Amino acid sequence: MVFILLKGLKTGLHKSASAKEVIVSKKVREHWQNLLGSQKTESPQDDCQVGKTTGQGPMSRRKMLQLLGIQAVIGAGVVKGAVAAPKNFNPKHYNREITPDQLPNSQAWLATNPTLCVGCRTCEIVCSLSHDGQCQPSLSRITVQYDPTKTLAKFAAMADVCRQCNMADCYLACAYDALTLDKATGARIIDPEKCTGCGECFAACPWDKIVKDEETGVYSKCDLCGGDPQCVKYCPADALSFVDLR
Amino acid sequence: MNGWSGTIVRVDLSSGKITKEKTEKYIDYTGGIGIGYKVVFDEAPLAEPFSPENRLVFATGPLTGTLAPSTGRSEVIGISPHVYAPGSKHPLVTRSGFGGYWGAELKFAGYDALIIQGKAPKPVFISINNDSVTIEDAGFIWGQDTFAAQDALKAKLGDEKVQIAIIGPSGEKLVRISPIIHRIGNAAGQGGFGAVMGSKNLKAVCVRGTGGVKVADKDGLFKYVKSMREIQPGPLGSTPLSTGPLSWTEKHIDPKDINKQALRFDQTKSCAPWLNEYHVKPQSCYACPQGCYSYMNVPGMGGGAVSCTQWFYSWMGNRDKSTFLANQLANKLGVDTFEMFPMIQFVWFLQDEIVDGKNILQHLRDLKLVSAEIQSGLEKGHYPPKGDLGTKGLETLMNMIAYRDGFLGDCFAEGFRRAMDLIAAKLSAMGRQDVAARVMHFENMEGIMGGVVGGNGGWGMSAHYDPRTFGYYWAINFAVENRDPNRHSMTNLLEWTGLKFDQALPVAKTIWGEEVAENGLSDILRERDIPIKWNGEKSAQAHAALAKFIHMRGCIKDSITVCDWVYPIMTSGREDRKYTGDVSAEYKLFELVTGEKMNQEKLNEKAARIWNMHRLITALEWGGGKPVNLREEHDQLPDHFFTPAEGRLLPPYPPAEHPHPPLNRGYFELAKTEYYNYMGWDTETGLPKRSSLEALGMGDVAKAFEAKGFRLPA
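Respectively, the protein sequence lines represent chains A and B.
The opening residue of the first sequence carries number 1 in the numbering used here; numbering runs sequentially from there.
The opening residue of the second sequence carries number 1001 in the numbering used here; numbering runs sequentially from there.
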């Protein structure tokens, strides 16, 4: 049921995208694949500037999710839970002119085990100390949930991490090329030099995993520490693990 | 500044004035209790506990909020309503403290400490959100239990990450055994500081901060923390299921050692194993790898965090879900769990002692001092087979304390020691001197579990560990502190490590040298008829050296601040290290965080300043500014430690071992003399010498003391 639904979507997606845009997007994809070294391209393209937006863009992930969501409600209860209503949904966020499926997947992820998390927040401290030079959990890209309101009794203590989404909304949302892919892991990372602090990535992230440094006005996110995540190293409870498919 | 945030905030609840001052003023006293004692000494050493002048100081140290492990502590300092010192002209200063996230959050908000003074005209809470510090109306949560009120505050402030230190109904009613509660189980238990908050009409202190704590040597800190993980003894859990090693122990310790040396004690026996099915998981405070308390969720009783003596009802012999309810009620209503050990025994005692064919409780009933309902409730809480030691007795007791229900509830709310006096006085006034005399007999009570907890250690508090078992160093500790002298410095070596005495002794030698270890330590697991070994002068010196070690390490822990339960790291679970830990961790972490070049001697000097400050305040309070002899008047132990036990005062329930033979008063005095020498205190009066204070750079303090009080010995 779900399969058919997705298949139908894909057809629709291709129809709506113009030929030119598909080519441009292909270049972007090749560019990243080159950088990541995961696949050699036949005609290497060094210059892969993304062209200006031309009217109707490719179907965004959001739209797709929306469509899927609507259909899922009608068709299949199974997928219902998987489709979260996007926060601050705005189609204009999606301006990188590629279709989501053309963005190479991250090849490494953080995974958490809430049953082991002891709520010590060492991951938050380690993250901010290694990235920002001081112990400041408000800047940490990994966050620990402890004592949320009304749930004192439910003990939701657990670490929450960036999913390094395959179709990364943050990446798609950035209009300034500040979001790039880490060469080592494919992690979606923010270049602080290019970040203008516009907050589009923050608004786009469905997981609330983009962090703003109020002092510099720049956003940041989990970069998997270039393939050696410190939070995993220092977690005393083995509640964090590094899934590395490189 | 590295480590410190550099600012202290002061809230005057009478005037509503909020001011900020520099931490630098207190930097000679490091942080934590150092800041607290200095504030009390400078501003209001002779205040009554419940007067507006009494300072209530919440203080952190330079390590709080950093990566340094087990540093999520906040210290609470003030003149205590709980300390019982009838020989003193004024109530005494003391300390308490709690873990959780509050202290770190205060640092992130930009403050090292919070000083509270005055009294609000109506119930309020203090809200700290980074730069903004405000006094808000707390009418909507006044009277609520600590869990409901915390939820309501979070909802009102619209931020689930706000950290709250709060009092329950008991604090509002000035119950002298009311703790300050944080979250669902972190508590500043002893000292009665919840009642001090209540006396100031202060329901809660809410803190939210988004700043950070700077550290001097980031890379060094990372490296050192990693190396600590490789040698630490393992999880120090007080939870039924944290007996399994956390991963970092497993990585570095030979599995065959894990359940022998790596773990402090077998929790499965002492911590209500019948509640395992309700155990959610072990939990830690901020930056702590130990996971020493457990999250429990019991149907019908809600969720809560339980640790160590919060299992008190099971330690007293309960074997059902009431063990968890006891923890919930204590944390929600605000009752010090540690006081419950003598309190429950006192209630049993009132029912077991027969005068004129009737038990004391019945006498109280006949004199209309207790209602029939409360009487039947307390009787139900008697140990089996008379009662069932279950829910009803527990609820009756906890509620009558928290709400000061009736004459008896009012007495219990004063703590077990004051309750004895009050009940005896009332009985005498009503012509029953014989019954009153029997009530006072409870003074000689012994602790449970062979004196591990809950004995009468003086200062009107249930006390940790029996000096008859541990030694004269522990007796000195009882004598010179102003409260239950609980310090885990020594128990980290002997009691809770799982090391046998012949394994611990070589470790001790690496810390204090052969002479002190051999002459100062007794095997705590020795037979119950063997007294502490005594080798004359050498033992006096050894016990004095160990006592000084405990106090210096105690002041270091509470000022930099690290957890008392974890530091100093004396042992390791690793056989290849011959089970030695790393007692240099405190000064190394201090140096890495603050950037100040440090060694143990220099850190001890900082600690000595704090300990001398505590001594000076005590001297002022004891004599009300008039000359005092602390050695003779203050530094004493209850008599029952020096006299042979006549047999057990209480029936052998819960099963408890007989105490070790009594201490020798002569040896105690000899060890005290050596201790004063080591501290630079006058051996005749026990007062700090002026020259010693000057050597510590406390000349100005000595001067200020003499201006407030009397001339110090030269």
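Since the hints were derived computationally from the structure, they do not count as laboratory data.
All values derive from a computational prediction rather than experimental measurement.
A portion of the hints provided could be inaccurate.
Said to hold, decoys possible - In the EDC-like style, the derived pairs of lysine to aspartate or glutamate whose C-alpha atoms are separated by at most 16 angstroms in a straight line are:
#: 1; chain 1: A; residue 1: LYS233; chain 2: B; residue 2: GLU1230
#: 2; chain 1: A; residue 1: LYS233; chain 2: B; residue 2: ASP1219
#: 3; chain 1: B; residue 1: LYS1218; chain 2: A; residue 2: ASP132
#: 4; chain 1: B; residue 1: LYS1161; chain 2: A; residue 2: ASP228
#: 5; chain 1: B; residue 1: LYS1578; chain 2: B; residue 2: ASP1219
#: 6; chain 1: B; residue 1: LYS1226; chain 2: A; residue 2: ASP132
#: 7; chain 1: B; residue 1: LYS1025; chain 2: B; residue 2: GLU1575
Evaluation of the provided hints:
Restraint check for LYS233 of chain A and GLU1230 of chain B: the C-alpha separation of about 13 angstroms stays at or below 16 angstroms, so the hint holds. Our distance criterion of 16 angstroms between C-alpha atoms is met by LYS233 of chain A and ASP1219 of chain B, whose separation comes to about 14 angstroms. Distance restraint check for LYS1218 of chain B and ASP132 of chain A: the Cα-Cα separation of roughly 10 angstroms lies within the 16 angstroms cut-off, and the hinted pair is therefore satisfied. For the hint pairing LYS1161 of chain B with ASP228 of chain A, the CA-to-CA distance comes to about 29 angstroms; that exceeds 16 angstroms, so the pair is violated.
Proposed proximity of LYS1578 of chain B and ASP1219 of chain B is contradicted: the alpha carbons are some 29 angstroms apart, above 16 angstroms. Restraint check for LYS1226 of chain B and ASP132 of chain A: not satisfied, since their Cα atoms lie roughly 19 angstroms apart, outside the 16 angstroms limit. Simply put, LYS1025 of chain B and GLU1575 of chain B have alpha-carbon atoms about 46 angstroms apart, too far for the 16 angstroms limit, and the pair is violated.
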